[in-house]
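2 protein chains.
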Amino acid sequence: MKGLGNPPEVWILRLGHRIFRDKRVTTHLALAARALGAEGIFIQGDLDESLRRSVQKIIENWGGDFKIEFVTDWQDMIRVWKEAGDSVVHLTMYGLPFEKYIDEVRRNRSRVLLIVGGKKVPWEAYVLADLNLAVTGQPHSEISAVSIFLDRLYQGKELELRFKRPKFVVSPSPRGKVLLRRARDEKTETK
Amino acid sequence: MKGLGNPPEVWILRLGHRIFRDKRVTTHLALAARALGAEGIFIQGDLDESLRRSVQKIIENWGGDFKIEFVTDWQDMIRVWKEAGDSVVHLTMYGLPFEKYIDEVRRNRSRVLLIVGGKKVPWEAYVLADLNLAVTGQPHSEISAVSIFLDRLYQGKELELRFKRPKFVVSPSPRGKVLLRRARDEKTETK
Chain A
90 MKGLGNPPEV
100 WILRLGHRIF
110 RDKRVTTHLA
120 LAARALGAEG
130 IFIQGDLDES
140 LRRSVQKIIE
150 NWGGDFKIEF
160 VTDWQDMIRV
170 WKEAGDSVVH
180 LTMYGLPFEK
190 YIDEVRRNRS
200 RVLLIVGGKK
210 VPWEAYVLAD
220 LNLAVTGQPH
230 SEISAVSIFL
240 DRLYQGKELE
250 LRFKRPKFVV
260 SPSPRGKVLL
270 RRARDEKTET
280 K
Chain B
90 MKGLGNPPEV
100 WILRLGHRIF
110 RDKRVTTHLA
120 LAARALGAEG
130 IFIQGDLDES
140 LRRSVQKIIE
150 NWGGDFKIEF
160 VTDWQDMIRV
170 WKEAGDSVVH
180 LTMYGLPFEK
190 YIDEVRRNRS
200 RVLLIVGGKK
210 VPWEAYVLAD
220 LNLAVTGQPH
230 SEISAVSIFL
240 DRLYQGKELE
250 LRFKRPKFVV
260 SPSPRGKVLL
270 RRARDEKTET
280 K
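Chains as they are written, first to last, in my numbering: chain A, 90 to 280; chain B, 90 to 280.
Treat the hints with care, since some could be wrong.
To be verified - Derived DEER-like restraints, expressed as beta-carbon distance ranges:
(1) A:Arg200 with B:Gly265: 40 to 48 angstroms
(2) B:Gly265 with A:Asp192: 19 to 27 angstroms
(3) B:Pro261 with A:Gly245: 22 to 30 angstroms
(4) B:Lys256 with A:Gly265: 40 to 48 angstroms
(5) B:Ala173 with A:Gly174: 39 to 47 angstroms
(6) A:Thr161 with B:Gln244: 36 to 44 angstroms
(7) A:Lys189 with B:Asn95: 19 to 27 angstroms
(8) B:Glu172 with A:Gln164: 30 to 38 angstroms
To be verified - Straight-line Cα separation of at most 27 angstroms, DSSO-like style, residue types lysine-lysine; simulated pairs:
(9) A:Lys208 with B:Lys156
(10) B:Lys266 with A:Lys189
(11) B:Lys112 with B:Lys209
(12) A:Lys266 with A:Lys146
(13) A:Lys256 with A:Lys146
(14) A:Lys253 with B:Lys208
(15) B:Lys246 with A:Lys189
(16) B:Lys171 with B:Lys256
(17) A:Lys209 with B:Lys189
(18) B:Lys156 with B:Lys208
(19) A:Lys246 with B:Lys208
(20) B:Lys171 with A:Lys209
(21) B:Lys189 with A:Lys156
(22) B:Lys146 with A:Lys112
(23) A:Lys112 with B:Lys208
(24) B:Lys156 with B:Lys256
(25) A:Lys266 with A:Lys253
(26) B:Lys209 with A:Lys209
(27) B:Lys208 with A:Lys266
(28) B:Lys266 with B:Lys256
(29) A:Lys266 with B:Lys171
(30) A:Lys146 with B:Lys209
(31) A:Lys246 with B:Lys189
(32) B:Lys112 with A:Lys112
(33) A:Lys256 with A:Lys246
(34) B:Lys246 with B:Lys156
(35) A:Lys156 with A:Lys171
(36) B:Lys256 with B:Lys246
(37) A:Lys256 with B:Lys209
(38) A:Lys146 with B:Lys156
(39) B:Lys189 with A:Lys253
(40) B:Lys209 with A:Lys112
No lab work stands behind these hints, which were simulated from the structure alone. Ideal Cβ placement from N, Cα and C applies to all residues, glycine included.
From just these sequences and the hints, can you work out the full model?
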């Protein structure tokens with residue numbers, strides 16, 4: 090992602106997505122990943138066109154090139170990724186403290202495939218990953234884990250990202266909503 | 090929360106919870122808040138006993154005193170909070186960059202009520218809050234926003250929290266799952 094200096098590109102691999110149970114959680118994950126500088130998300134599990142549409146709608150309105158793709162053979166994908174010299178990091182509460190490894194990940198400069206799953210991640214993910222890292226050893230949320238990981242990886246620079254070709258941008262406001270429509274740069278809503 | 094030095098106590102106020110649509114997202118929010126050092130969560134919207142049970146089950150197994158409460162008159166609650174001299178921070182993509190205010194929030198040392206909502210937050214929240222702060226001006230996730238806010242507020246110290254009276258604790262592992270049952274300190278599962 091341009092605007093982040095020269096840190097590694099991050100792609101998310103979300104394992105075990107189920108349409109009914111996970112739609113909103115996976116949508117939040119994709120949007121957080123996009124907002125915080127990741128390049129895209131691969132989703133394994135149910136093919137969920139409604140999820141894809143939700144995320145693409147956000148990209149159309151808010152800009153950038155975030156990618157969302159559904160994958161089936163995720164283990165093969167990890168192998169291809171590793172053969173290309175890229176890193177594979179699995180975020181799991183059972184892993185090593187991520188804060189001790191984040192500088193190493195940043196220094197590598199290879200692309201990072203960041204694997205997250207739901208409750209039951211297949212053991213192959215633990216074996217195939219270069220690093221199994223924990224954002225606390227407590228049960229919480231893959232959305233939280235990915236967000237903190239990206240914020241630390243990019244050292245806050247991701248908060249200043251500007252996305253290409255947005256229809257809308259927010260004008261930061263102390264009290265209310267100020268939304269600018271980029272085509273004409275007019276205020277569309279103020280409250 | 091003990092173990093965090095002397096920073097402000099944080100409580101989350103989640104507005105507009107709906108049972109069917111939000112159960113998993115609000116569960117993730119509560120668990121992330123707990124794992125990252127918040128004291129508890131107030132939930133306004135549908136009374137959701139299943140959500141309460143899910144969160145309490147985690148607390149029983151993983152320890153600590155995290156509170157989950159349902160509230161109805163949230164505006165009155167905010168007023169009482171402010172009258173007591175505590176801070177009210179509303180996290181919204183329309184707000185001012187949180188990273189410029191986080192040191193101020195930390196210095197205040199008063200308790201912080203951290204308001205988050207779904208898509209449509211009533212305008213009263215913007216008016217009643219002492220600060221409307223954005224974790225990026227992009228649409229993403231209240232789980233992500235709260236997580237990054239807490240990580241920055243507590244400056245990473247929250248990653249080393251130890252919760253009181255857990256049944257289980259994770260032993261960090263480079264490759265697999267090592268779970269210790271605290272009563273007898275025996276390994277229950279290794280993979």
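Cross-check of the supplied hints:
A beta carbon spacing of about 25 angstroms between Arg200 (chain A) and Gly265 (chain B) contradicts the range 40 to 48 angstroms that was offered as a hint. As the Cβ distance of Gly265 (chain B) to Asp192 (chain A) is approximately 24 angstroms, the hint placing it in 19 to 27 angstroms holds. At about 26 angstroms, the CB distance of Pro261 (chain B) to Gly245 (chain A) agrees with the hint of 22 to 30 angstroms. Taking 40 to 48 angstroms as the suggested C-beta distance range, the pair Lys256 (chain B) and Gly265 (chain A) conforms, at roughly 46 angstroms.
Checked against the hint of 39 to 47 angstroms, the pair Ala173 (chain B) and Gly174 (chain A) fails, with Cβ atoms roughly 56 angstroms apart. The hinted window of 36 to 44 angstroms between Thr161 (chain A) and Gln244 (chain B) holds, with their beta carbons roughly 42 angstroms apart. One distance hint, 19 to 27 angstroms for the beta-carbon pair Lys189 (chain A) and Asn95 (chain B), holds here, with the actual separation near 25 angstroms. At roughly 57 angstroms, the beta carbons of Glu172 (chain B) and Gln164 (chain A) sit outside the given window of 30 to 38 angstroms.
With a C-alpha separation of about 23 angstroms, the suggested pair Lys208 (chain A) and Lys156 (chain B) falls inside the 27 angstroms cut-off, and the hint holds. Between Lys266 (chain B) and Lys189 (chain A) the CA atoms are separated by roughly 19 angstroms; this keeps the pair inside 27 angstroms, and the hint holds. At most 27 angstroms may separate the alpha-carbon atoms for a hinted pair to count; Lys112 (chain B) and Lys209 (chain B) meet this at roughly 17 angstroms. The straight-line distance between the Cα atoms of Lys266 (chain A) and Lys146 (chain A) is roughly 20 angstroms, inside the 27 angstroms bound, and the hint therefore holds.
Annotation: proposed proximity of Lys256 (chain A) to Lys146 (chain A) holds, straight-line Cα distance about 11 angstroms (limit 27 angstroms). Note on Lys253 (chain A) and Lys208 (chain B): the hinted pairing holds, with a Cα-Cα distance of about 24 angstroms set against a maximum of 27 angstroms. Proximity of Lys246 (chain B) to Lys189 (chain A) is assessed by CA-CA distance (about 13 angstroms); at most 27 angstroms being required, the pair is judged to hold. Taking the CA atoms of Lys171 (chain B) and Lys256 (chain B), the gap is about 37 angstroms. The hint is violated against a cut of 27 angstroms.
Note on Lys209 (chain A) and Lys189 (chain B): the hinted pairing is violated, with a Cα-Cα distance of about 39 angstroms set against a maximum of 27 angstroms. Distance hint between Lys156 (chain B) and Lys208 (chain B) is fulfilled; the C-alpha atoms sit about 25 angstroms from each other, no more than 27 angstroms. Note on Lys246 (chain A) and Lys208 (chain B): the hinted pairing holds, with a Cα-Cα distance of about 26 angstroms set against a maximum of 27 angstroms. Simply put, Lys171 (chain B) and Lys209 (chain A) have alpha-carbon atoms about 43 angstroms apart, too far for the 27 angstroms limit, and the pair is violated.
Note on Lys189 (chain B) and Lys156 (chain A): the hinted pairing is violated, with a Cα-Cα distance of about 30 angstroms set against a maximum of 27 angstroms. The suggested pairing of Lys146 (chain B) with Lys112 (chain A) holds, with an alpha-carbon distance near 23 angstroms, which does not exceed 27 angstroms. Restraint check for Lys112 (chain A) and Lys208 (chain B): the C-alpha separation of about 16 angstroms stays at or below 27 angstroms, so the hint holds. With a C-alpha separation of about 18 angstroms, the suggested pair Lys156 (chain B) and Lys256 (chain B) falls inside the 27 angstroms cut-off, and the hint holds.
A distance of roughly 22 angstroms separates the Cα atoms of Lys266 (chain A) and Lys253 (chain A); the hinted pair therefore holds under the 27 angstroms criterion. At most 27 angstroms may separate the alpha-carbon atoms for a hinted pair to count; Lys209 (chain B) and Lys209 (chain A) exceed this at roughly 33 angstroms. The straight-line distance between the Cα atoms of Lys208 (chain B) and Lys266 (chain A) is roughly 13 angstroms, inside the 27 angstroms bound, and the hint therefore holds. Annotation: proposed proximity of Lys266 (chain B) to Lys256 (chain B) holds, straight-line Cα distance about 16 angstroms (limit 27 angstroms).
Using a Cα cut-off of 27 angstroms, the hinted pair Lys266 (chain A) and Lys171 (chain B) holds, with the two alpha carbons roughly 23 angstroms apart. Distance check on the hinted pair: Lys146 (chain A) and Lys209 (chain B) sit about 18 angstroms apart at the alpha-carbon level, within 27 angstroms; holds. Of the supplied pair hints, the one linking Lys246 (chain A) and Lys189 (chain B) holds, its CA atoms being roughly 13 angstroms apart against a limit of 27 angstroms. With a C-alpha separation of about 12 angstroms, the suggested pairing of Lys112 (chain B) with Lys112 (chain A) holds against the 27 angstroms cut-off.
Between Lys256 (chain A) and Lys246 (chain A) the alpha-carbon distance is near 23 angstroms, which keeps this suggested pair within the 27 angstroms criterion. With a C-alpha separation of about 21 angstroms, the suggested pair Lys246 (chain B) and Lys156 (chain B) falls inside the 27 angstroms cut-off, and the hint holds. With a C-alpha separation of about 20 angstroms, the suggested pair Lys156 (chain A) and Lys171 (chain A) falls inside the 27 angstroms cut-off, and the hint holds. The straight-line distance between the Cα atoms of Lys256 (chain B) and Lys246 (chain B) is roughly 23 angstroms, inside the 27 angstroms bound, and the hint therefore holds.
Proximity of Lys256 (chain A) to Lys209 (chain B) is assessed by CA-CA distance (about 20 angstroms); at most 27 angstroms being required, the pair is judged to hold. Of the pairs offered as hints, the one joining Lys146 (chain A) and Lys156 (chain B) is violated, with about 36 angstroms between alpha carbons and a cut-off of 27 angstroms exceeded. Straight-line distance between C-alpha atoms of Lys189 (chain B) and Lys253 (chain A) comes to about 24 angstroms, which keeps the hinted pair within the 27 angstroms bound. In summary, the hint linking Lys209 (chain B) to Lys112 (chain A) is supported, as the alpha carbons are separated by about 19 angstroms, within the 27 angstroms threshold.
In summary, the structure is inconsistent with hints 1, 5, 8, 16, 17, 20, 21, 26 and 38 from the numbered list given earlier, while agreeing with the others.
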